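**Q** The primary structure of each chain is shown beneath.
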Amino acid sequence: MLATYTPVVGGVLIGVAALALWFGNGRTAGVSGILGGIVRPRQGDVSWRLAFVAGLVLAGAIGYALKHESIAPSPRPLAWLAFAGLLVGVGTRVGGGCTSGHGVCGVARGSRRSWAATATFVATGMVTVTLLRLWGNTR
Amino acid sequence: MKQPRSRLLVAFAAGLVFGAGLLLSGMTRPAKVIAFLDPLGAWDPSLALVMAGAVSTYAIGIRWGGSWRRRAPLDAPLLSMPPVARIDVPLLVGAAIFGVGWGIGGYCPGPSLVALASGGSGVLVFVGCMVLGSFAATLLDTTPQRSAPRRNGEALQS
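Chains as they are written, first to last, in my numbering: chain A, 1 to 139; chain B, 1 to 158.
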């Protein structure tokens, strides 16, 4: 029962946080972009990014302490996760955003680029999962 | 540009609430994300509700708060509204690569950072490689980063 609502509540919280960052700091809440500015820092533009990431990690620590099941390990093998991480890192920088920057903020703003990016990564994500499942079934 | 403490506090609080949202929505459970990306298999469509909730909240908030030009904080040194530009090849290629990685691992950037707190080896490896990939991609970008604030829609000077 409660489980039906939590995705919506979670989504609303994500939206509220993104609004706070926008109206408070004039920044789009795109996690890959925020991280990108830490990886390649520009002077005077790093500390707020670190603060945002610290908030994310602390939220995870609190959530995990309260309820271990809220964070689960990925079912994929370690080597796959390494490859996946590389693809996500490269792809989000080349494409200028991820699920939050394009998928939430950009789509909500009605940006054509973000709509196109979101449709693309959801599509390739679905194709990837489907192919991996079929490949796993045949082994 | 020195960052006022209030700006850091806003960013920290936003990260905290954002992370709570990801936790509540189930995005930090990669098997659930993978099931969302599997419409022809044992599909779990519930993550579409996460996006619906987040997008509608942000869309209403942005509209309610007025246009971003009027309401963006006047003292903000940089406004990060990505430039309105056409759909180009890097956008689509990058998004396609990201989607493949998302489907393999079940992690996108936000949830992976939240999940770091569990200390699992898988998520540590994922985030380490994601940071490497992000760094590698910016190295490929030969434009001097200081003089190109518009690159990747990162920071649009206003």
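Among the hints, erroneous ones may be present.
[What the hints assert, rightly or not] Which bits of chain B does chain A cover? Going by a derived footprint, with three or more residues having C-beta under 8 Å, they are:
hint: 1; stretch: 11–20
hint: 2; stretch: 37–51
hint: 3; stretch: 89–101
hint: 4; stretch: 114–126
hint: 5; stretch: 129–138
[As the list claims (entries may be wrong)] Now the stretches of chain A that chain B is said to cover, found in silico as 3 or more residues with beta-carbon under 8 Å:
hint: 6; stretch: 74–82
hint: 7; stretch: 85–91
Derived from the structure by calculation, the hints contain no laboratory data.
Predicted model, so just to flag it, every value in this text is computed and none were measured.
C-beta: ideal position from N, C-alpha, C; glycine also.
**Q** A separate judgement is required for each hint: does it hold in the structure or not?
**A** Hint by hint, here is what the structure shows:
1. For the stretch 11–20 of chain B, the stated coverage by chain A is satisfied: 10 residues place a CB nearer than 8 Å to a CB of that chain, which reaches the threshold of 3.
2. Counting residues of the stretch 37–51 of chain B whose beta carbon lies closer than 8 Å to any beta carbon of chain A gives 10, which reaches the threshold of three, so the coverage claim holds.
3. With 12 residues carrying a beta carbon less than 8 Å from a beta carbon of chain A, the stretch 89–101 of chain B meets the three-residue requirement, and the given coverage holds.
4. Proximity of the stretch 114–126 of chain B to chain A, defined as three or more residues with a beta carbon under 8 Å from a beta carbon of that chain, is established by the 11 residues found.
5. Counting residues of the stretch 129–138 of chain B whose CB lies closer than 8 Å to any CB of chain A gives 10, which reaches the minimum of 3, so the coverage claim holds.
6. Counting residues of the stretch 74–82 of chain A whose beta carbon lies closer than 8 Å to any beta carbon of chain B gives 7, which meets the minimum of three for the stated coverage.
7. Coverage of the stretch 85–91 of chain A by chain B holds [criterion: at least 3 residues with CB-CB distance below 8 Å; count 7].
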